[in-house]
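Based on the hints, put chain B in the right spot on chain A.
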Amino acid sequence: MPLIKMLVRLSAFLGKEVAEVRRQLRLVFTLVLGPFLILFIFGIGYVSKQQSLTTIIVGPPGTQARSAEIKKQFAVEQLDVREVTEDLGRAMSELHDRRVDAVAVIPTDPYSDILGGKQAELRLNVNEIDPVKINIVYFLTYAYSNELNKRILEAGFKQGQAGLTDLQGQVGQLRQAVNRLQAGLQANDVQAVTKESGDLLTSSNSVLVVLAVAGGAVNNDQLAAVPISPAGQQKVDSINKAQTAIRRLNDNVQAIRSDALRGQASREQQVQRLKQVDEDLATLEATTGQITNIAPGVLVSPFRAIVKNEASKEDNSNGVEINFINYYTPAVLALLLQHIAVTFAALSLVRERTIGTLELFRVAPIHATEILVSKYVAYILFVAVVGAALVGALVSPLLGVPFKGDPVWFSLTALALVFASLGLGFFISLISQTESQAVQLSMLVLLTSVFFSGFFLSLSSFNQYVQYGAQGLPITHGIQGFQQVMLRGQLPTDYVIGALTTMGLIFFVINWLLFRRELAKG
Amino acid sequence: MASQPTNASSRRSVITVEHLSKRFGAQVSVNDVSFEVYEGEIFGFIGPSGSGKTTTMRLITGIYEPSGGRVRMLGQNPHHSASRLHERFGYMPQLFVLYPSLSVMENMNFVASIYGMPWWKRKAQVREALDFAELWEHRGKLAGNISGGMQRRLELAATLVHRPTIIFVDEPTAGIDPILRAKFWQEFRKLRDAGRTLFVTTQYIGESEYCDRVGVINKGRLIAIGTPVELRRRALGGSEAIDLTVDSRHTCPMLEQILKPLPNYRGIEDLAHGTIRVYVADAGEATPDIAAALQEAGVEVKSLSEYKPNFDEVFFQLMEQDAADHPDETQDSEGVTLERLERRSDRQATNQGRK
Chain A
6 MPLIKMLVRL
16 SAFLGKEVAE
26 VRRQLRLVFT
36 LVLGPFLILF
46 IFGIGYVSKQ
56 QSLTTIIVGP
66 PGTQARSAEI
76 KKQFAVEQLD
86 VREVTEDLGR
96 AMSELHDRRV
106 DAVAVIPTDP
116 YSDILGGKQA
126 ELRLNVNEID
136 PVKINIVYFL
146 TYAYSNELNK
156 RILEAGFKQG
166 QAGLTDLQGQ
176 VGQLRQAVNR
186 LQAGLQANDV
196 QAVTKESGDL
206 LTSSNSVLVV
216 LAVAGGAVNN
226 DQLAAVPISP
236 AGQQKVDSIN
246 KAQTAIRRLN
256 DNVQAIRSDA
266 LRGQASREQQ
276 VQRLKQVDED
286 LATLEATTGQ
296 ITNIAPGVLV
306 SPFRAIVKNE
316 ASKEDNSNGV
326 EINFINYYTP
336 AVLALLLQHI
346 AVTFAALSLV
356 RERTIGTLEL
366 FRVAPIHATE
376 ILVSKYVAYI
386 LFVAVVGAAL
396 VGALVSPLLG
406 VPFKGDPVWF
416 SLTALALVFA
426 SLGLGFFISL
436 ISQTESQAVQ
446 LSMLVLLTSV
456 FFSGFFLSLS
466 SFNQYVQYGA
476 QGLPITHGIQ
486 GFQQVMLRGQ
496 LPTDYVIGAL
506 TTMGLIFFVI
516 NWLLFRRELA
526 KG
Chain B
13 MASQPTNASS
23 RRSVITVEHL
33 SKRFGAQVSV
43 NDVSFEVYEG
53 EIFGFIGPSG
63 SGKTTTMRLI
73 TGIYEPSGGR
83 VRMLGQNPHH
93 SASRLHERFG
103 YMPQLFVLYP
113 SLSVMENMNF
123 VASIYGMPWW
133 KRKAQVREAL
143 DFAELWEHRG
153 KLAGNISGGM
163 QRRLELAATL
173 VHRPTIIFVD
183 EPTAGIDPIL
193 RAKFWQEFRK
203 LRDAGRTLFV
213 TTQYIGESEY
223 CDRVGVINKG
233 RLIAIGTPVE
243 LRRRALGGSE
253 AIDLTVDSRH
263 TCPMLEQILK
273 PLPNYRGIED
283 LAHGTIRVYV
293 ADAGEATPDI
303 AAALQEAGVE
313 VKSLSEYKPN
323 FDEVFFQLME
333 QDAADHPDET
343 QDSEGVTLER
353 LERRSDRQAT
363 NQGRK
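Those protein sequence lines, which keep their order, are chains A and B.
Note that the first sequence ends on residue 527 in my numbering; no numbers are left out.
Note that the second sequence ends on residue 367 in my numbering; no numbers are left out.
Calculated directly from the structure, the hints in this document are not laboratory data.
Hints are supplied without guarantee of correctness; some may be wrong.
[Claimed, not checked] List time: in silico BS3-like cross-link candidates among lysine-lysine, alpha-carbon distance up to 30 angstroms:
#1 A:Lys-10 / B:Lys-153
#2 A:Lys-10 / B:Lys-135
#3 A:Lys-280 / A:Lys-200
[What the hints assert, rightly or not] Listed below are several chain B residues computed to face chain A (Cβ distance under 8 angstroms; list not exhaustive):
#4 Thr-73
#5 Gln-88
#6 Val-109
#7 Ile-126
#8 Tyr-127
[To be verified] If the Cβ cut is set under 7 angstroms, some of the chain B residues that face chain A in the computed set are:
#9 Ile-75
#10 His-98
#11 Glu-99
#12 Pro-105
#13 Trp-132
#14 Ala-136
From the three backbone atoms N, C-alpha and C, an ideal C-beta is built for every residue, glycine too.
Just chain A, same shape as in the assembly:
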């Protein structure tokens, strides 16, 4: 009989809270639909396009006349070039009035700067107070300068490559020149030797530069640790061989030329050198074919990073479609469950106090523990119904949010989240004097949750102390658990459910002590 009475007392608040909630449907809709709609609109309204800056390019005198060409050369994806002008004052005025995002100033004499051994400065003026946007500007500027440098190098290599293609023809001509050189040497014609060797040197120097770059791209410290395949080794060897050949060819032709000019070398020695030049040219003929096949873009940017996302449906058949709605849905769900639980619990005990029912409880055969447990059970059931309805709506074909994991584990995570959140809510209720105070504190919890739980900003963006503090919010663990189950199809880590349950138990004990004291003091 005492057990039945206790069970009846435990059920007291179940019926009462359900009846009260039933009559406060507007409040429930506000609590559930309000934040849900805001975040839903954010989810579908947020366009994740790459940021670009509306820009005016200002150049030295003469720029205006070549504006179309400059626009083409300096416009990149990150800069939306509105116009090209020589009038820096007007451009800055536009920037000041925030009609453009940036003013890019082309250096007055980039050739002198570069050839003088210093980098030419391309100044980007902005007028921004938003620290996030400023970071984007820094990133865009970095990307912009990289892109320009790459373009310049690429164009240079293209032109260099054209020379390299000609070299194959020149090699043939060189062979003829070598023959003529041989004839000149046999005839002891110093003038002919000097001329032919001079032409040969000019051409071989340009080939040397291109080969040096191609060789540098694969022979450097950055790649030293990367293991190489036999086929790759063969190609690297070819480049190295060609580089060795062109350098030796240069040296020998230079020596022939010098000796001819000084008239010191023996005839046999010159012939010997010429024979070596001939062999090096043959090596060069065998390797330049491979070198010309390397695209300039590859020479400039030999490496390209490719992302393969195991969690993405695009790269893994078990993955999910990566988009903002899918990513934020578990977080929104966790936030809503926490918010509803905290708000209802926060208003619950403070309402009992303001209505005066605590006086009734003080004389009734009901204990603080029974009241608290009864309220926990009532609100857990209520939030469970709301949560199930929300999950059902989210994973329905209409919204199509993925749910890859085990519903049982999801329910356990949700239960632990609601248990901890109710604890937080009841704690707010017990320390609040009025309903408005409880509502304000609940809103503070909501704001704190949005900022510090990893909801919008990753937890790793904060210093370690804030990260430790964030562990005290139920939602921090709720988001991790829900994402783990819904999007990755994995079990929530022990830490998630453990942390939430521990938090819930700590709150329960604190609330029980506070409530028992309040009931006892009368």
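Just chain B now, with coordinates in the frame of chain A:
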């Protein structure tokens, strides 16, 4: 009106209060109060606002822990009692403390639940309590939408739903109309007649008449306790009074000379314009003696009747006596003002030789 005075010695005491005190910081709300409440009586606890009525009730029901003294309800300390004691008494607070967003029936079910009454057992009791409070027809209405009087009745029904043997009712008639007030007392009497014990606080002094016994509290001190008849007698200094009207030529000293030899005579008071109040030991015995003595002295008596002061008078008289016994304290509660007490003191000055 009130039932016959209770024979205290033959009744079982269900509430015992001994030297009870309660302090809130430096303020003493209840000061050395002792009394007993007997089974099956309506015990009225009367005093001005802020006199300590509600605090005493909260101490008896265990809401407050006493600062001194002790309370026993059905032999147990209510502040540290098991649930069983709480199931045996009901408490109706002064203010409406049920849920306005729940219906009358839902509120009743909730209260029944916190008293551990399973749904299959509570149906009849809920119906009985709502019928008693004449609210069965209104059971579907929201408690927030019914009138103030109905809310008080709902509270009474909620207090009775678990059929308590002792019922504490804190100022049940405060702020409600006289008809409903009378109805409440009618219901209390029905409960008393059914064997329940009622402890009722009120600041309406006239309601003392409805009680079997009354305790009068002032500034935390119990200043009088007894049946209404006993209190009335006590207010008149232990005497009874007879009011008579004579020709204004006959002065109070003249009449005193005539009546002084009578055996029941205690004193005389000139009320003004030929109206004289004579204090006697027993009004029933003294009335024919007075009439005869005056006739014999040639005094024409226009009217002669026993004076039964109403409870306002009794209350003020008791307050006045208390103020005289404690001259260092200032009465400042809203129920009895200093001005009114002073007025009463002026009248007392004319009351010569009452004792």
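Taking the hints in turn, this is what the structure says about them:
| no. | hint | verdict |
| --- | --- | --- |
| 1 | A:Lys-10 / B:Lys-153 | holds (28 angstroms) |
| 2 | A:Lys-10 / B:Lys-135 | holds (16 angstroms) |
| 3 | A:Lys-280 / A:Lys-200 | holds (18 angstroms) |
| 4 | Thr-73 | holds (5 angstroms) |
| 5 | Gln-88 | violated (13 angstroms) |
| 6 | Val-109 | holds (4 angstroms) |
| 7 | Ile-126 | holds (5 angstroms) |
| 8 | Tyr-127 | holds (6 angstroms) |
| 9 | Ile-75 | holds (4 angstroms) |
| 10 | His-98 | holds (4 angstroms) |
| 11 | Glu-99 | holds (5 angstroms) |
| 12 | Pro-105 | holds (5 angstroms) |
| 13 | Trp-132 | violated (10 angstroms) |
| 14 | Ala-136 | violated (16 angstroms) |
Hint violations for this structure: numbers 5, 13 and 14, all remaining hints satisfied.
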